[in-house]
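Starting from the structure of chain A, add chains B, C and D where the hints point.
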Amino acid sequence: MSAPFLEVTGLTKNFGGLKAVSDVSFKVGRDEVVGLIGPNGAGKTTIIRLITSILKPTSGVVSFKGEDITGKPTAQIVNKGLASTFQVVKPFRNLPVVANVMVPCLCPRSKRKGEWVKTVELRARDALEFCGIADFALEPASVLSHGDLKRLELARAIATEPELILLDEPFGGLSPAETTLVAKSLRRLHKGGRFGRLHSEGPAMLIVEHKLSELMKIVDRVVVINFGAIIAEGTPEEVVANKEVIKAYIGKEVSRLVS
Amino acid sequence: MYLEVNGITVLYDRAMVLNDVSFHVDKGELVSLVGPNGAGKSTLLRALAGLIRWEKDTLKGTTLGKITLEGSVLFGGEEMMRLPSHDIAKRGLILCPERGRPFREMTVLENLEAGAYLVKDKGVVKETIDRVYGLFPVLDKRRGQVSGTLSGGERTMLSIARALMSQARFLLIDEPSVGLAPLVKEDLFSRINQVHGMGITILLSEQDIGFAFDLATRNYVMSRGKVIAEGRADDLLADELIRKTYLGL
Amino acid sequence: MIDYIRWVYQWFKGEILAIPGRVIAVVFFTFLLLLPLITTSPSTLRFLIMACIFAIFAASWDLLAVTGQVSLGHALFFGSAGYTAALINIHFGLPAWITIPLGGLSAVVVGLLAGIPALRLRGFYLSLVTLAYPVILTGIIFVFPDFFGGEMGLIGISRLSGSRVGDYYTVVLIMAFSGFIMWKLSDAGSKVLRTGVVFHAIREDEIAARNSGINTVRYKLMAYAFSGFFGGVAGGLYIHFIRIAGPSSLEVFFSVQALLWAVFGGMGTIYGAIVGVFILFPLTEYLRIYEWGEALRFVIVSLVLIFILLFMPEGISVWVLDKIEIRCRRCKVVNIATRRNCRTCRAPLRLEREK
Amino acid sequence: MLERILVNGLVTSGTYAVLAVGFSLIFGVAKIFNMAHTALYMITAFLIFVGTNQLGFPYALSAVVSVGATIGFGLICYALLFDRVKVHQTAVMIISLAVAMLGQEILLLTLSGHYRGIAPFVTGSIDILGVAVLYQHLFTVLGCLATLFGLWALLTKTNLGKAIRAVAQDSETANLMGINVSRVCLITMGISAGLAAVAAVVAAPLEPLHPGMWMLPLTMILAAVVLGGLGSIKGSVFGAIILGFAETIVVTAVPGGSFLRGAVSLAAMVLVLIARPEGLFGVVFEEERL
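Chains as they are written, first to last, in this note's numbering: chain A, 1 to 259; chain B, 1 to 249; chain C, 1 to 355; chain D, 1 to 290.
Looking at chain A on its own, in the form it has when it is part of the complex:
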């Protein structure tokens, strides 16, 4: 077996005295969809930010496609094919929605030589359509509802044509119907949807999510963390049955509910 696709080894991050992430190691394979779950404040978002190097880790190594990417500039990492979304959406509020997606379409990885702005816009619209918000293409991003902004985040991530997407709460604040839709498009994307270079092979995914029921339907494997450290790892069935996980995730009392 060649070098693993994404490998995180001994990732640690301290904020002042606070240990946000401590010695986390896991792997994601090229064809996998991995869930990263844990209670609020467990350090999930920090892990994603460390991988994409928006934050610099205190120690630890992140390697992607056999290459050490720890602490490399974020743009460079994205151009290697590792896109991510933000939990707290960060749209370009005063730009039209389609222009929001044109920005990643212009990044070196996804840019075509000598392409007209019009075709860039078409590709951006394609990504919007994939996420189901093409109707708002011309509106400024500030008028979108929270759920649509979440989908805009997703559209921006897939517009960079990634091989691995890190999704930070893609269903956060979505209604059940929207959640099902997004979950469906994520599955489609992974199976080799129809977007750009991803036509034949869909990207691998690492999904941070609270809505376990939806998440469990998509993922192959789940990593559970609490207090910045991994407490369990396995298939959805294994994890759901794990007493430790139940206790950490939903509190002590309710564990009797689930069992």
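It is worth saying that the hints were derived from the structure and are not from the lab.
We put the CB at the ideal spot given by N, CA and C, even for glycine.
Careful, some of the hints might be misleading.
[What the hints assert, rightly or not] Across the chosen pairs, the derived CB separations fall in these ranges:
(1) A/139 x D/154: 41 to 51 Å
(2) C/330 x D/79: 38 to 48 Å
(3) A/177 x C/322: 31 to 41 Å
(4) C/119 x B/235: 51 to 61 Å
(5) A/71 x B/183: 51 to 61 Å
[What the hints assert, rightly or not] Some residues of chain C that are not near chain D, with every Cβ distance over 12 Å (derived):
(6) 4
(7) 21
(8) 22
(9) 95
(10) 122
(11) 130
(12) 155
(13) 177
(14) 181
(15) 263
(16) 297
(17) 338
The following block gives chains B, C and D in isolation, referenced to the frame of chain A:
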């Protein structure tokens, strides 16, 4: 009824964050507000403390976004929606924000003194500080430390202590247990219980239903900006609804 | 042939006449071009030439501001290019049409050098560091008075062109051309250039832009280079026009004026900067004609600034365009505010039940 | 030479420190970039000049009246102008700049652009460790020190001071403590204007008065504030001391230094900021850093 909330609705631009929320809290109760991430718990508490209105006022006259705020909040028979947030605090309704939010460049003691801004009598301030230190001995040990360097649990305790300093009669505590280790959580909740025992009414927003249900006399379940269920812990636990909406399992 | 004329007419009607902002722009430039037919009084032409040069300067400031970098030392580009052009002109005797672009290029180099430290800084820290550059450059100029002419400046620079009217047309055309290019470079809705959308994205949220795979460092430096070039062109034109290159072009207040004009007109729009210059600069010059105006002009200008910005904090051009233009809610095409239905998609422009 | 550097350095940096602290205070609390801050300093200086030299009042009386008038002017500016467009930071910046220009022009119109001087408050000199120090210098340095000490006491010991610091650090949470944020902002503006005025009271006799005298100190205090880290009072003081001494050393020790004083101090600032982008005492929380 001590606190009576009627039809609060909050919209950010077009996004509905709270949708016609109504509930009430009686004097001396400890009521919990549980629900998953993004259910609107924090927004509700911020609206009660007048922060949404403040945010709206600061953004007035700009293109930065429009906030709609409707509904009524009666606290001790007085309408709170029209009052600015500092006047709401004056009435004794105090919010402890999520993750404590201490004034991070000030020491613990200074934070407490800032909390006592409304109390003019020096003797009362001294007395309250002693009482608060009795309640949270950790803060006594850390009194000279800059609060930005406190741990998560200490920050939450500091924010509760700070609220007590202003002679709060009604505490709104927002997600005190976020990111805390089980032992710290356990400790924190016994403290909250003690605070409740001092005769202070508490409305607690919480994700960890285990703890919330243990503590509270009554519970409200929120989901997607609405209150969807109300009741005692056992009734709610027996209900299938909460498992579905809340746990998603 | 007739078809061709008809097509041009249709295009003109659809793309210019229908949009009030563009009508104003076209009328304004036609006026500038035809003005020498009405008057060739040297003083009028002089202050319009100055206004055009400052318009290029203010617009180049705005080009940098589009990326969210508020510079307080934009005179750096103006002055360094001015000195370079002057030195080349004096020592090598090259004519203005060579020295001005060379001055612009030197400003690009200076801009890139100035941009490198600026990449680590944001907000007011950045502004203050840029504030320091021209002051430091002034210091260097004073250290080598023999080479740079010291406080008196360099003299003996050749003229821009043979005549005042020639100068005027040169400057107006360069202003129109560079203003158009800068506008396109920074326009997020441009159909040809893609820098605008990236520049705007960087201003709105730099982290999100990086997370979209955009090398923000490159684009920021690019903004510095473009801004420096056009600021340098303005500086070159200026020294060839007034024929003296002195340290006054590096003064702090001169840098701040660029920001003042651009914010007054509407920040981040380019045309706003030009509007700002053409309102404020002629105002100060016009008041000079009167004896009371000479004394009171800065008082009046300050009061105008205060009152306009108090009621139109986003700038006068933004405010005016908001009043005379309306964007179709469906197809986002710009319409004149008096229309009821969109000119392309016929959708009603306003809600009927407006209170 | 050395003793002159020391004395002049202390005087300059003391004045800058008082000015920079006032600027830093209002920026930290109300997020107002007040370009008119040194114009307030200039206005006080001219009011004192009018009081002592033209109307013949004693220095102390005209100083007190001028300080009061300046504070009033600052409050009016805040309430009528800055507060209304607070959200648009660049608009506030330009408006305050226009206020400064307005002040300059009104002074030009009423008092003309000649250089003026105020007679020193105290004359004579004292021998300290073999160095003859003018009483006026001593007065300035001690006045600055006393002002800074007073401000420190106000900010750390009083209820109001704690409220000001609380608003500066987290205005939203300050609301929750019952602190009336808008009133605290107004009071802070008054304090800030008062600091500018006090700087003028202690330092005006040392400087030639001129309607353009606000520009150089403005540049220097902006540099000092940024050097120390925006919003940090302690940083502003240290920034002012560094830049004040840098300026004095250049002026006294380098031939033709008065042309270079701005350049050298600002170069120092640029170098520090390149090494430490958040300034000497600025706090950047890593979550917010790029």
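In rising order, the numbers of the hints this structure does not comply with:
5, 10, 11, 15, 16
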